[in-house]
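Single-letter residue listing:
Number of protein chains: 4
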Amino acid sequence: MNDSKRLEVGAGFVRLDAAMADDLSVVNSARVSFAQESLEMSQKEVGLIRFLMRERHGTPFEHNAFRFHVKCPIFVAREWFRHRIGSFNEFSARYSEMPNEFYVPEPADVRTQTGKPGAYTFEPVNEKLAAETVEMIRSSSEKAYEVYAHLVERGVAKELARVVLPVGMFTQFYWTVNARSLMNFLSLRTHDTAQKDIREYANAVLELARPVMPITFDAWEDCGRQTP
Amino acid sequence: MNDSKRLEVGAGFVRLDAAMADDLSVVNSARVSFAQESLEMSQKEVGLIRFLMRERHGTPFEHNAFRFHVKCPIFVAREWFRHRIGSFNEFSARYSEMPNEFYVPEPADVRTQTGKPGAYTFEPVNEKLAAETVEMIRSSSEKAYEVYAHLVERGVAKELARVVLPVGMFTQFYWTVNARSLMNFLSLRTHDTAQKDIREYANAVLELARPVMPITFDAWEDCGRQTP
Amino acid sequence: MNDSKRLEVGAGFVRLDAAMADDLSVVNSARVSFAQESLEMSQKEVGLIRFLMRERHGTPFEHNAFRFHVKCPIFVAREWFRHRIGSFNEFSARYSEMPNEFYVPEPADVRTQTGKPGAYTFEPVNEKLAAETVEMIRSSSEKAYEVYAHLVERGVAKELARVVLPVGMFTQFYWTVNARSLMNFLSLRTHDTAQKDIREYANAVLELARPVMPITFDAWEDCGRQTP
Amino acid sequence: MNDSKRLEVGAGFVRLDAAMADDLSVVNSARVSFAQESLEMSQKEVGLIRFLMRERHGTPFEHNAFRFHVKCPIFVAREWFRHRIGSFNEFSARYSEMPNEFYVPEPADVRTQTGKPGAYTFEPVNEKLAAETVEMIRSSSEKAYEVYAHLVERGVAKELARVVLPVGMFTQFYWTVNARSLMNFLSLRTHDTAQKDIREYANAVLELARPVMPITFDAWEDCGRQTP
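Protein chains in written order, with the numbering used here: chain Y, 1 to 228; chain B, 1 to 228; chain W, 1 to 228; chain L, 1 to 228.
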């Protein structure tokens, strides 16, 4: 474990467990088209990466891998797992007792939603409603967990008792993904229209991945964060 | 909508919305290896399908598609969505208010778990605990829903209010999958070691798919339900 | 076999063998987000498809399938098979003797290449060179086939004898693909920068698929043929 | 480039360019089910890997990556590229002039094929036929290359001139793949029924990958080389 590569996100975290990735691998998997190889990044190599990104020649960005260990609420994980190009292994609430950890928003995060699908905007609510919401979420989740713990203690199978647990419960998983699929994830999940909560995780993922392939992620930014 | 192709599973359902599938397509996509084509199923074609299944030549089973519409609890959907070869679109609790529908087990379904990971067995519990469990699950889910409904009514964004909702809440989704990936799903999810709840859905899927490709599914049974 | 759905492309063809696809399936797999369903296409449904395409919400375009039967030269098939989201079964030159059919360009197709990678342009050559090229390609391919046929006749394994056959030899395959992956294929392979030969096959694919999902393909055109 | 990780296969090669892989990553991505982690491989960890392999719990084998650089004949590459779970970038005969390198069998490799599809066997041929075959393959390939070189020299576009080149021509590519997909490739391509030529490449891939995850590949052997 390399804890220097771990970022806290609320009560969860994103940890970069391992990577096989550098900008040069993008260059060399592209250059095999010409039976050529570069030994180091120079201005020409930077230009090639920017060209590939701009023209959306995506395959050379696939020859690398990032392995992340993530702890986040189930409702965040559910959006994450929709990304099919990559590998997941997750905590099992069939095999293990879920720990008593659930998502509670900060008062400043309590928001109201206006607008239509595809064009929602979110506004903060007044302090009183914010405080009440925080309290109700905490209290409701605690009560649900008590029921769960009680049922498990009485001998009810964990896989059945869990049905009362809220989607705010924390889960954890390993996720392995290549840079092209990662940029697709980041394009969608760092975007304004993504839910604030997964956006914070996606930003942490980006912060950890970016130094590993700096030229690639710069090019991605400069192309408006489009998936190559 | 073809409601004759809909099976109820508890308070949920599986509906076969459309299919492009027949046994002959398996034969002809295999026979293209020889630039040959069959116009109908005879004993020789049956034999070919059985050979392909037995030898795990899987690709000819991919040239078809089944589109299902499913309503099931979130904890079942979460297992379902782990199957990456296929397409999903799901109800959005960010865009829509979740209806007040949640999973409550039958008393006979309340079970205890014994054994080790990989070799669990489940036994029924006594009547009193069964009744209590049913009641606690119902009551806990109802209370959580009340909190959700209250928060939504007060103006809290649906995407935030939902965090208190239990994983027993019903969701719905479209799922499109080819027969090879479908058999992989069925191998794992109709198996004894699968959770009873997803097993019931998987059995419904099988009941709907089987008549569409009868020779294929017979061969699959006879090969011990292994993925081709 | 439905030969009305077959288009000749040079000495090859594209045949739409079957489809489970219509515009309404796009609408309804998107509408499941709201637990809603449309029974027919009206202006509102058209608008939804155009919105999905424009905003690149791609998943609702996946709940359908097209099964094509294609005959084309190996060098075209090699580009085709790079598209990983889809299913292929191909003629086997290990199992079957390859027929004596190979690609010969029309004189008007003989071209010269100028410019740099990523910005090539092609110009016709003079009549004499065009005629010579056609003749040399024909003659070289014929001679190679004679060697192949001779070796096979002498008893050399087909899988070994084939190594002399040119990439212009015709092969055939079944290809099953959903509309999202199909539009990705068409975006790349109907594009100016694609090789003329695969472009002609891609145009035939488009001509066969388009009437099956007319609103979808209109929206795709209007969005500059970008992959949703 | 790490040439110590390069194996020659005939006139081609397999080179392990990079890996993010070890047995411990399999253990830890499986153990996340229990929110547990192992810091090193002991007997218990070995047992877990063997259990996962035997029971075909395949996902924990996906959290790693191997990047290979391969040079092989086109007819071998064509079989290789059928494996869709992985990433490829290949030499482009549209952009670059193909070098004059083609496959010629050793006399001892010249074989005849007997039996039926699915149960072929191969026998050596007599010395005279073997020698003649080698000579005819060499000569036919040389002549085809001369036509190609002549057309390119005259100004015909490389993408067109290449149609005369035999499938025995050497190409090269980068291939990145996880251990689960790699074992699927190896199951099929090191098998007796695979063509001898790709079998030799698959054996080289195995020889390079095996020391990186020795427990995993031992377990795979002991389970009859089945895909987990």
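In case anyone wonders, no lab produced these hints; they're calculated from the structure. A hint or two may mislead.
[Stated by the list, open to error] Keeping only pairs whose Cα atoms sit at most 30 Å apart, straight-line, the calculated DSSO-like set for lysine-lysine is: (1) W:K143 / L:K143; (2) Y:K116 / W:K44; (3) B:K143 / Y:K196; (4) B:K44 / W:K5; (5) L:K196 / W:K128; (6) L:K158 / L:K143; (7) L:K44 / W:K158; (8) B:K158 / W:K196; (9) L:K158 / W:K196; (10) Y:K44 / L:K196; (11) Y:K128 / Y:K196; (12) B:K44 / W:K143; (13) Y:K143 / B:K44; (14) L:K5 / W:K143; (15) W:K44 / L:K5; (16) W:K143 / L:K196; (17) L:K5 / L:K196; (18) Y:K116 / B:K158; (19) W:K44 / B:K5; (20) L:K116 / L:K128; (21) Y:K128 / B:K143; (22) W:K116 / W:K128; (23) Y:K44 / W:K143; (24) L:K44 / B:K116; (25) W:K158 / W:K5; (26) Y:K116 / Y:K128; (27) Y:K196 / B:K44; (28) W:K128 / L:K143; (29) B:K44 / L:K5; (30) W:K143 / W:K128; (31) Y:K158 / Y:K143; (32) L:K196 / L:K143; (33) B:K196 / B:K128; (34) Y:K5 / L:K44; (35) Y:K158 / B:K5; (36) L:K5 / W:K158; (37) Y:K158 / L:K143; (38) L:K128 / W:K158; (39) L:K158 / W:K116.
Model, not experiment: these values are computed from the prediction.
Item to complete: Quick one: which hint numbers does this structure break? Sort them smallest to largest.
Response: Structure breaks hints 5, 7, 8, 10, 12, 13, 14, 15, 23, 25, 27, 29, 35, 36 and 37.
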